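Residue numbers (the numbering used here), protein chains in the order written: chain A, 1 to 120; chain B, 1 to 489.
For the record, the hints were derived by calculation from the structure and aren't laboratory data.
Treat the numbers as computed from the prediction; the structure is a model and nothing was measured.
Every residue gets a Cβ at the ideal spot worked out from N, C-alpha and C, and that includes glycine.
A hint or two may mislead.
Anything over 10 Å on all C-beta distances counts as not near chain A; from chain B, calculated [unchecked claim]:
| no. | residue |
| --- | --- |
| 1 | Asp72 |
| 2 | Gln287 |
| 3 | Ser383 |
Computed cross-link-like contacts, SDA-like style, restricted to lysine to any residue with a CA-CA straight-line distance of at most 20 Å [unchecked claim]:
| no. | chain 1 | residue 1 | chain 2 | residue 2 |
| --- | --- | --- | --- | --- |
| 4 | A | Lys61 | B | Gly463 |
| 5 | B | Lys194 | B | Ser230 |
| 6 | B | Lys293 | A | Lys37 |
| 7 | A | Lys37 | B | Lys427 |
| 8 | A | Lys61 | B | Lys293 |
| 9 | A | Lys61 | B | Gly438 |
| 10 | A | Lys61 | B | Glu298 |
| 11 | B | Lys304 | A | Lys37 |
| 12 | B | Lys106 | B | His126 |
| 13 | A | Lys61 | B | Lys370 |
| 14 | B | Lys304 | A | Ile97 |
| 15 | B | Lys370 | B | Lys304 |
| 16 | A | Lys61 | B | Arg302 |
| 17 | A | Lys37 | B | Lys370 |
| 18 | B | Lys194 | A | Ile97 |
| 19 | B | Lys320 | A | Trp94 |
| 20 | B | Lys293 | A | Pro95 |
| 21 | B | Lys370 | B | Ser410 |
| 22 | B | Lys304 | A | Leu113 |
| 23 | B | Lys239 | A | Ile103 |
| 24 | A | Lys37 | B | Arg428 |
| 25 | A | Lys37 | B | Ala487 |
| 26 | A | Lys61 | B | Leu121 |
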Amino acid sequence: MTLRILVVEDEMTISLLVEDMLTELGHEVVDLAMRLKQAEEMAATFDIDLAILDVNLDGHKSFPVADILAARGIPFVFATGYGAAGIDPGYQQWPVITKPFLIDDLRRAVELLAPPPAAA
Amino acid sequence: MVAHPAAKDEHPAFSGTGEMGNLIRRFDWSKTPLGPISDWPQSLRTVTGMLLLSPVPIVVLWGADGIMIYNDAYSVFAGERHPQLLGSKVREGWEEVADFNDNVMKICMAGGVLSYENQKLTLVRHGEPEPVWMNLDYSPVLDESGEPAGVIAIVVETTKSVLGQRRLRESEGRFRALTNATSDVVYSMSADWKEMRQLDGRGFLANTESPRIAWQELYLFPEDREYIQSVIDEAIRTKSVFQLEHRVRRADGTVGWTSSRAVPIFDESGRIVEWFGAASDITQRRQNEEHLKLVVHELNHRVKNNLAMIQAIAMQTFRKNTDLKDAQMRFSARIVALGQANDLLTGERWAGASLRGAVEQAVRPHCPEKDRCVIEGDDVTLSAKTALALTLAMHEMATNALKYGAWSNSSGKVSVSWSTYLKDGAKRLRIEWREEGGPSVRPPDQRGFGSALIERGLAREVGGEAKMEFLPDGFVCRIDASESVYASR
Numbered sequence: 001m002t003l004r005i006l007v008v009e010d011e012m013t014i015s016l017l018v019e020d021m022l023t024e025l026g027h028e029v030v031d032l033a034m035r036l037k038q039a040e041e042m043a044a045t046f047d048i049d050l051a052i053l054d055v056n057l058d059g060h061k062s063f064p065v066a067d068i069l070a071a072r073g074i075p076f077v078f079a080t081g082y083g084a085a086g087i088d089p090g091y092q093q094w095p096v097i098t099k100p101f102l103i104d105d106l107r108r109a110v111e112l113l114a115p116p117p118a119a120a
Numbered sequence: 001m002v003a004h005p006a007a008k009d010e011h012p013a014f015s016g017t018g019e020m021g022n023l024i025r026r027f028d029w030s031k032t033p034l035g036p037i038s039d040w041p042q043s044l045r046t047v048t049g050m051l052l053l054s055p056v057p058i059v060v061l062w063g064a065d066g067i068m069i070y071n072d073a074y075s076v077f078a079g080e081r082h083p084q085l086l087g088s089k090v091r092e093g094w095e096e097v098a099d100f101n102d103n104v105m106k107i108c109m110a111g112g113v114l115s116y117e118n119q120k121l122t123l124v125r126h127g128e129p130e131p132v133w134m135n136l137d138y139s140p141v142l143d144e145s146g147e148p149a150g151v152i153a154i155v156v157e158t159t160k161s162v163l164g165q166r167r168l169r170e171s172e173g174r175f176r177a178l179t180n181a182t183s184d185v186v187y188s189m190s191a192d193w194k195e196m197r198q199l200d201g202r203g204f205l206a207n208t209e210s211p212r213i214a215w216q217e218l219y220l221f222p223e224d225r226e227y228i229q230s231v232i233d234e235a236i237r238t239k240s241v242f243q244l245e246h247r248v249r250r251a252d253g254t255v256g257w258t259s260s261r262a263v264p265i266f267d268e269s270g271r272i273v274e275w276f277g278a279a280s281d282i283t284q285r286r287q288n289e290e291h292l293k294l295v296v297h298e299l300n301h302r303v304k305n306n307l308a309m310i311q312a313i314a315m316q317t318f319r320k321n322t323d324l325k326d327a328q329m330r331f332s333a334r335i336v337a338l339g340q341a342n343d344l345l346t347g348e349r350w351a352g353a354s355l356r357g358a359v360e361q362a363v364r365p366h367c368p369e370k371d372r373c374v375i376e377g378d379d380v381t382l383s384a385k386t387a388l389a390l391t392l393a394m395h396e397m398a399t400n401a402l403k404y405g406a407w408s409n410s411s412g413k414v415s416v417s418w419s420t421y422l423k424d425g426a427k428r429l430r431i432e433w434r435e436e437g438g439p440s441v442r443p444p445d446q447r448g449f450g451s452a453l454i455e456r457g458l459a460r461e462v463g464g465e466a467k468m469e470f471l472p473d474g475f476v477c478r479i480d481a482s483e484s485v486y487a488s489r
């Protein structure tokens with residue numbers, strides 16, 4: 001099942017990597033946000049199934065984006081170099097993948113939120 | 001000492017045993033103004049008998065000359081002057097304090113009394129002048145006519161106790177100086193720590209000048225008290241040093257940290273009578289430690305991020321290149337470019353980086369000759385992230401120029417220029433990479449990492465556009481960046 005995914009990642013090279021990984025997993029990257037404000041706008045308006053959220057966006061935490069997504073009922077995965085310890089207590093029910101990660105780590109995290117029909 | 005035969009125990013004029021009793025009885029008084037003992041007035045005999053019975057150092061100074069008669073205790077005080085002092089004139093026997101004694105004689109022979117406490121005098125002892133302190137009491141001795149005929153002096157040397165007290169004062173002074181010299185807070189506690197007796201806060205903590213029961217309320221935060229009390233209890237139980245780093249409420253009410261250490265002071269029976277402690281202000285050290293923790297945490301994040309970037313570069317480099325050797329070279333060069341970009345940013349402590357610096361660093365090392373590279377534009381400070389992205393993009397363009405573009409022949413040039421402009425009140429930045437004089441250009445068959453980086457990555461990073469044009473005259477890349485690329489701090 002092809003998911004429509006928003007990638008929020010402020011590091012250019014990493015954003016390309018995540019985009020390529022998701023494409024390889026058969027998903028569609030709707031867009032890529034590198035700044036908090038841009039990410040908030042996209043999270044609020046885009047027609048998406050899921051989002052991958054970097055936690056630190058050039059010094060700003062991306063939790064406001066998480067709040068917008070949660071309010072819209074859109075699930076998301078945190079991707080961060082801080083690991084689970086860098087996630088605020090209110091968001092610990094969401095999957096976290098620690099950078100650097102493998103394509104399988106990303107696949108598992110996405111499947112946790114949007115199980116493929118066969119596994120459901 | 002020559003004994004006078006006439007004085008030989010024939011005159012039990014006064015009782016009195018000991019050395020001085022015998023010496024006085026045997027002394028040839030006929031050579032003195034007093035004359036032989038048999039001629040002494042009863043008053044002199046009585047006072048001599050009295051002083052010989054006394055354990056206190058006493059001397060009688062008889063007549064206008066003050067002829068000296070003294071007891072055993074006084075002979076000890078007289079030291080090496082004894083026994084020559086016996087029967088001598090006071091002003092001669094104590095030559096160095098003749099003026100002092102002259103005054104005594106004048107006052108007392110006129111019926112007055114004198115009393116000195118810890119009077120300092122300089123006496124010659126062992127051939128050297130030496131300061132001594134004495135309690136001196138002088139009173140007249142009346143003869144049968146009721147007139148003063150001599151002076152009785154009770155002489156108690158207090159040198160030892162005066163010096164002892166002085167040493168004690170000095171010791172206390174040194175102790176005070178020590179506690180003043182240290183910047184530490186100094187405090188004392190009752191044996192059970194229920195009462196703080198005194199605390200000198202040094203501006204760090206509030207002072208406690210008189211005993212205080214509720215000291216914990218003043219100095220400690222409620223949530224810390226149970227633990228601190230448990231350490232105190234343990235120190236009391238084991239009668240050992242109390243030592244703890246803990247939070248304190250500072251004099252200004254804010255949270256501080258102290259390293260506190262107190263030692264018990266015991267009485268003769270080994271019971272603790274009080275505790276004496278010193279506490280240093282380690283607030284700054286604690287803050288530094290906290291800051292260091294944050295820095296380490298942040299560093300870990302950056303390392304992880306850098307590893308992810310290297311992973312991304314590796315994936316991009318190796319997936320699209322079929323030539324492994326070429327891919328390895330490209331990969332290495334990209335990692336080197338990433339490393340150099342990090343240097344640029346570290347120099348600015350990640351607060352931002354100079355656009356010119358970033359361009360120079362990415363482009364210059366590849367430029368075949370100095371004048372084949374033109375870099376133009378007024379410098380601006382970019383955010384660390386943008387500078388890093390731009391450095392990587394420039395690296396890609398420079399290596400391409402060297403391989404296929406303007407730097408692949410002997411005369412082509414690359415110019416990198418930039419300028420700022422206003423659009424809808426926002427200060428945007430335009431950067432242009434332009435190659436000319438190279439071999440004729442045709443678009444590549446396949447888009448590589450460089451293209452992806454510039455068109456997909458850099459465009460988003462700068463919040464604008466990044467367009468690559470493979471014009472016949474040479475490759476051109478135009479970057480139109482939004483206001484977000486400038487360093488915010």
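Hints, one by one, checked against the model:
Listed as outside the interface, Asp72 of chain B is consistent with that label: its C-beta sits roughly 89 Å from the nearest C-beta of chain A, beyond the 10 Å cut-off. No beta-carbon of chain A is positioned within 10 Å of the beta-carbon of Gln287 of chain B; the least distance is around 21 Å. Separation of Ser383 of chain B from chain A is inadequate, the least Cβ-Cβ distance of about 7 Å not exceeding the 10 Å criterion. Taking the CA atoms of Lys61 of chain A and Gly463 of chain B, the gap is near 19 Å; set against the 20 Å cutoff, the hint holds.
As the CA atoms of Lys194 of chain B and Ser230 of chain B are separated by approximately 13 Å, the hinted pair is consistent with the 20 Å bound. Under the criterion of a C-alpha separation no larger than 20 Å, the hint pairing Lys293 of chain B with Lys37 of chain A is inconsistent with the structure, at around 29 Å. Taken as a hint, the Lys37 of chain A and Lys427 of chain B pair is honoured in the structure, with Cα atoms around 18 Å apart against an allowance of 20 Å. Of the pairs offered as hints, the one joining Lys61 of chain A and Lys293 of chain B holds, with about 19 Å between alpha carbons and a cut-off of 20 Å not exceeded.
Distance hint between Lys61 of chain A and Gly438 of chain B is unfulfilled; the C-alpha atoms sit about 46 Å from each other, more than 20 Å. For a cut-off of 20 Å, the pair hint linking Lys61 of chain A to Glu298 of chain B stands: about 13 Å separates their Cα positions. Between the alpha carbons of Lys304 of chain B and Lys37 of chain A the distance comes to roughly 24 Å, so the proposed pair goes past 20 Å and is violated. Using a Cα cut-off of 20 Å, the hinted pair Lys106 of chain B and His126 of chain B is violated, with the two alpha carbons roughly 30 Å apart.
Between Lys61 of chain A and Lys370 of chain B the alpha-carbon distance is near 44 Å, which puts this suggested pair outside the 20 Å criterion. Straight-line distance between C-alpha atoms of Lys304 of chain B and Ile97 of chain A comes to about 12 Å, which keeps the hinted pair within the 20 Å bound. A C-alpha spacing of about 37 Å is found between Lys370 of chain B and Lys304 of chain B, which places the hinted pair above 20 Å, so the restraint is violated. Proximity of Lys61 of chain A to Arg302 of chain B is assessed by CA-CA distance (about 15 Å); at most 20 Å being required, the pair is judged to hold.
This hinted pair does not check out: Lys37 of chain A and Lys370 of chain B have alpha carbons roughly 42 Å apart, beyond 20 Å. For the given pair, Lys194 of chain B sits about 53 Å from Ile97 of chain A by alpha-carbon distance, which is inconsistent with the 20 Å threshold. Straight-line distance between C-alpha atoms of Lys320 of chain B and Trp94 of chain A comes to about 34 Å, which puts the hinted pair past the 20 Å bound. For the proposed pair Lys293 of chain B and Pro95 of chain A, the alpha carbon gap of about 26 Å is over 20 Å, so the pair is violated.
Distance check on the hinted pair: Lys370 of chain B and Ser410 of chain B sit about 12 Å apart at the alpha-carbon level, within 20 Å; holds. This hinted pair does not check out: Lys304 of chain B and Leu113 of chain A have alpha carbons roughly 25 Å apart, beyond 20 Å. For a cut-off of 20 Å, the pair hint linking Lys239 of chain B to Ile103 of chain A is broken: about 62 Å separates their Cα positions. Distance check on the hinted pair: Lys37 of chain A and Arg428 of chain B sit about 18 Å apart at the alpha-carbon level, within 20 Å; holds.
Taking the CA atoms of Lys37 of chain A and Ala487 of chain B, the gap is about 16 Å. The hint holds against a cut of 20 Å. About 84 Å separates the Cα atoms of Lys61 of chain A and Leu121 of chain B, which puts this hinted pair outside 20 Å; it is violated.
The structure fails hints 3, 6, 9, 11, 12, 13, 15, 17, 18, 19, 20, 22, 23, 26 (numbered hints given earlier, in ascending order).
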